[in-house]
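Enquirer: One letter stands for each residue in the lines below.
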Amino acid sequence: MPFTIIIPHTRAKIPYHLLCIKIRRLIKLYSVINLQLYSELEKNIQYFEELFVECGDWVKRKIPVVSNLSRYVYVMYIDGMVDRSVLELSILPRLMASALKPPEDFFHAPIDLLTTLKEGGMMTADLREETDPDKIISAVMSGDTAILVDGTATAILVATRGFPNRGVPETNTEVVVQGSNEAFSEVMRFSTALLRRRVKDPRMKVKQMQVGRRTMTDIALCYLDDVVRKEVLERALARIENIDIDGILTCGALEEFIEEDYQSPFPQTQITERPDKAASAILEGRIVIIVDGSPVVILIPAVIDSFFQSADDYNQRWEIMSLARVLRFASAFFALALPGLYIAVTTFHPNMLPMMLTFKMAAARESIPFPAVMEVLIMEFAFELLREAGIRLPRPVGSSIGIIGGLIVGEAAVSAGIVSPIVVIIVALTGIASFAIPSYSLVAAFRLSKFLIIALSAALGLLGFWIALILLLIHLASLKSFGLPYLFPFAAGDINGFTDFKDSVFRLPIIFMKKRPIYANPEQKIRLNTEKLGNPRKKE
Amino acid sequence: MTNTEFRDGFALNNKISLRQLQALLFLEIFGFGVTALPRRVAESAAQDGWVSVLAATAMIIPVVMIISHLTKLARGLSFHNFACSVLSKPLGVAVSLIFCSRLVLLAAFNLRIFAEITRQTMLPATPFAVIFVSMLMLAAYGAAKGIETRARMAEVLILVVLLPLIFVFGISGRDIDITNLAPVMVSPIENILAGSFSAFFAFSGIEVLLLLSPYLSRPKHLTKSSAQVTVTIGIFMAIVTAVTISRFGPEGITHQMWPVLKMMDTISLPGSITDRQGALIMTFWIISAYAIINAALFFSSLLLKDVMGRGQHSGYILALVPIIAILAYLPKNLVTVYDLHTFSNSTIGLATMAGIPLIIFIIAKIRGMKLKNARL
Numbered sequence: 001m002p003f004t005i006i007i008p009h010t011r012a013k014i015p016y017h018l019l020c021i022k023i024r025r026l027i028k029l030y031s032v033i034n035l036q037l038y039s040e041l042e043k044n045i046q047y048f049e050e051l052f053v054e055c056g057d058w059v060k061r062k063i064p065v066v067s068n069l070s071r072y073v074y075v076m077y078i079d080g081m082v083d084r085s086v087l088e089l090s091i092l093p094r095l096m097a098s099a100l101k102p103p104e105d106f107f108h109a110p111i112d113l114l115t116t117l118k119e120g121g122m123m124t125a126d127l128r129e130e131t132d133p134d135k136i137i138s139a140v141m142s143g144d145t146a147i148l149v150d151g152t153a154t155a156i157l158v159a160t161r162g163f164p165n166r167g168v169p170e171t172n173t174e175v176v177v178q179g180s181n182e183a184f185s186e187v188m189r190f191s192t193a194l195l196r197r198r199v200k201d202p203r204m205k206v207k208q209m210q211v212g213r214r215t216m217t218d219i220a221l222c223y224l225d226d227v228v229r230k231e232v233l234e235r236a237l238a239r240i241e242n243i244d245i246d247g248i249l250t251c252g253a254l255e256e257f258i259e260e261d262y263q264s265p266f267p268q269t270q271i272t273e274r275p276d277k278a279a280s281a282i283l284e285g286r287i288v289i290i291v292d293g294s295p296v297v298i299l300i301p302a303v304i305d306s307f308f309q310s311a312d313d314y315n316q317r318w319e320i321m322s323l324a325r326v327l328r329f330a331s332a333f334f335a336l337a338l339p340g341l342y343i344a345v346t347t348f349h350p351n352m353l354p355m356m357l358t359f360k361m362a363a364a365r366e367s368i369p370f371p372a373v374m375e376v377l378i379m380e381f382a383f384e385l386l387r388e389a390g391i392r393l394p395r396p397v398g399s400s401i402g403i404i405g406g407l408i409v410g411e412a413a414v415s416a417g418i419v420s421p422i423v424v425i426i427v428a429l430t431g432i433a434s435f436a437i438p439s440y441s442l443v444a445a446f447r448l449s450k451f452l453i454i455a456l457s458a459a460l461g462l463l464g465f466w467i468a469l470i471l472l473l474i475h476l477a478s479l480k481s482f483g484l485p486y487l488f489p490f491a492a493g494d495i496n497g498f499t500d501f502k503d504s505v506f507r508l509p510i511i512f513m514k515k516r517p518i519y520a521n522p523e524q525k526i527r528l529n530t531e532k533l534g535n536p537r538k539k540e
Numbered sequence: 001m002t003n004t005e006f007r008d009g010f011a012l013n014n015k016i017s018l019r020q021l022q023a024l025l026f027l028e029i030f031g032f033g034v035t036a037l038p039r040r041v042a043e044s045a046a047q048d049g050w051v052s053v054l055a056a057t058a059m060i061i062p063v064v065m066i067i068s069h070l071t072k073l074a075r076g077l078s079f080h081n082f083a084c085s086v087l088s089k090p091l092g093v094a095v096s097l098i099f100c101s102r103l104v105l106l107a108a109f110n111l112r113i114f115a116e117i118t119r120q121t122m123l124p125a126t127p128f129a130v131i132f133v134s135m136l137m138l139a140a141y142g143a144a145k146g147i148e149t150r151a152r153m154a155e156v157l158i159l160v161v162l163l164p165l166i167f168v169f170g171i172s173g174r175d176i177d178i179t180n181l182a183p184v185m186v187s188p189i190e191n192i193l194a195g196s197f198s199a200f201f202a203f204s205g206i207e208v209l210l211l212l213s214p215y216l217s218r219p220k221h222l223t224k225s226s227a228q229v230t231v232t233i234g235i236f237m238a239i240v241t242a243v244t245i246s247r248f249g250p251e252g253i254t255h256q257m258w259p260v261l262k263m264m265d266t267i268s269l270p271g272s273i274t275d276r277q278g279a280l281i282m283t284f285w286i287i288s289a290y291a292i293i294n295a296a297l298f299f300s301s302l303l304l305k306d307v308m309g310r311g312q313h314s315g316y317i318l319a320l321v322p323i324i325a326i327l328a329y330l331p332k333n334l335v336t337v338y339d340l341h342t343f344s345n346s347t348i349g350l351a352t353m354a355g356i357p358l359i360i361f362i363i364a365k366i367r368g369m370k371l372k373n374a375r376l
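Protein chains in written order, with this note's numbering: chain A, 1 to 540; chain B, 1 to 376.
None of these hints come from the bench; they were simulated from the model. Glycine is no exception: its CB is placed at the ideal position from the N, C-alpha and C atoms.
So the derived list for chain A, only partly shown, Cβ under 8 angstroms to chain B, looks like this:
(1) His-349
(2) Leu-460
(3) Gly-461
(4) Trp-466
(5) Ile-467
(6) Leu-471
(7) Leu-473
(8) Ile-474
(9) Ala-477
(10) Leu-487
(11) Phe-490
(12) Ala-491
Given these sequences and hints, build the entire structure.
Expert: Structure follows, in structure tokens:
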């Protein structure tokens, strides 16, 4: 039973170790006093045992290292978070062996046990000294092993991280026809390794931080030190450092804290599960944020153009991928505007359509008991339902939901005279168009915005349709991602000499993309040196 | 949260580039200005209407250069503060209020015209107030988002306005009769000048350039940029006028209230799936109306804020919304609106576009204010 302290005025009982932690944090916060470990091992042991009381996964052992002088070390780690093979083969045997063989000058000079242990007691290069108890706790919680040494206020932290994981998984949501199928893993270190394997430049920095008072979630910011815009990096670091929350468990949660306008449905950071895409982003001067426990990473900054780019764009011929890009932009318009446009034209301006088409549509709608807007809303609701159900259901069953929903329910709705066939076509086209956009989060924003357009089109016809579009455009124009205009390069494209248009609606040959996009530091604009290439069209 | 500014002048808060300024001016002036222009110039100069437009462009260029010079001279000061420093405070306040009134009237008349035409042609069953209020609220929302958002919007919207226009006018070859423009330059010079006086007011809105000094990130080449955009607008207007006159003829065009819109509507598109280009017209019409009302609302509220010397910009926008709505609602019918609009153009419009800038320019010269002292 840990002993408790009763606060006199409130009579509240606070466990001693919690009070210790609170007081220590308070002192750290409001003073310059640097809290350190005690030099007496017993006091340190008492402190940590109070702290980890009732933590069943906490493993500790007091090991004699100079047995005849009663000099001990205290080893502690979290079970399941460490690679036991490293611990039991490289650390513990050497520590125990040193107890049998005291140093030669043992009787003549005081032993610097810390140095002795570091130099001879461990068969690993990845260790460091630490005096701050909070940092020791944080390291232990992350899978390191802490070794408290008798007679010194310094602990040795040995990197023994080894969590249960599923290795390097395959891509799931960003599948490509050609190219790598590797995806990021939930383990942060695997993700950094996947990036490092692709960018073997020591100027690629991996800045690690922790967020979350309780979860102490590891976060890594990966960027090219000389290419990244320092302003963006400073903003990102400041925003992450200012997060004071009990826990961050996903990339999505972190995204909301770091983006400029969290109220907007439009994503201002990009999410990817592909290491090649993230590595490409790093080369462009962007920052990749890895959140431990999340199988996707965040790319910042992100302008609207980046959501239309796919990893496959650079695996295939530029001509066909340019066509794909144009299709994606057209799809975005359809996904956003098609239902609203249909409602506006059929309800308010049928005379805009050719006579035959107007008659056909009128004939199809003759027996429908609802106005066009209700028809569209019914079908949109059904489609959203199918989409949501398709995600929740196990994969083999998910496809049957599509068949049942798309074919049977759609056909039955038309036969029953609830909706007209043209509305089924419109909603199906809208749905298909939304799947052609590579970014899921942008599609989600379009799905939501679509209903605004539907509502205003139903109220004011084409005027409402355009008002809704302009409203959305005003909103998009007001957005920024880490200071960069969201509508770049369609707005403010001149700042980078319009070069970003080379990889925008069209994907020009890579040989034309000599300059880095807007994300890069202006002093590091050139990424392709064509001097040695000469004129690629000239045959030798 | 840090607010580190970007070293390459990018994303500076509340600053716009000269290219963005050009886009803003083009959108504000060209859209609404061009819709009735061919009729107005053809009434005076018949088939030589396009010459009148070019003459008006030549007339507006010195005005633009004076305004640009003053904007640079303002050294980032707001127009109100600059006017006070040149003319003394009471006169500065009076000039600011004149500008504010001009912009409020511009917004109100254009709003009324927009609502009337939209109701007549597209939404006959929709209550007048609904069209009215929806456009005004949209313009207010856009204005409240600030100059940066307006500038980025302009860069995107300019494509949305120009592409349908270029498309329609590009394929209008088989519908036009070039002989309608002949004989060239036979109209009396006074008729051409009268036409150019009408065309001069198609450039209404150019005076907002005077209010942009605090928002320009690099105003060094402002004169060149603003002259460029004015010439471009003038050439576009002349082409549109020439094509529209050749489509309807110098006589026929005078019977069309909005010849440019009518032309868009009636041109037969080869292989088109639409019988009428209603969507194109609505695109052009709504965006043009939005651009001018939004600009007028933005700058008038800004002037009011400067004159009052306190409060939030968005608060003044909200305050001006009902005033513009009432002013737009007051005229009995469209004819009255046109009469009032023409009257306000030839009085307060002429004062703000040419008179006041010229007076400020002369006084600034007398007081020895020079560009070399200005921070560019």
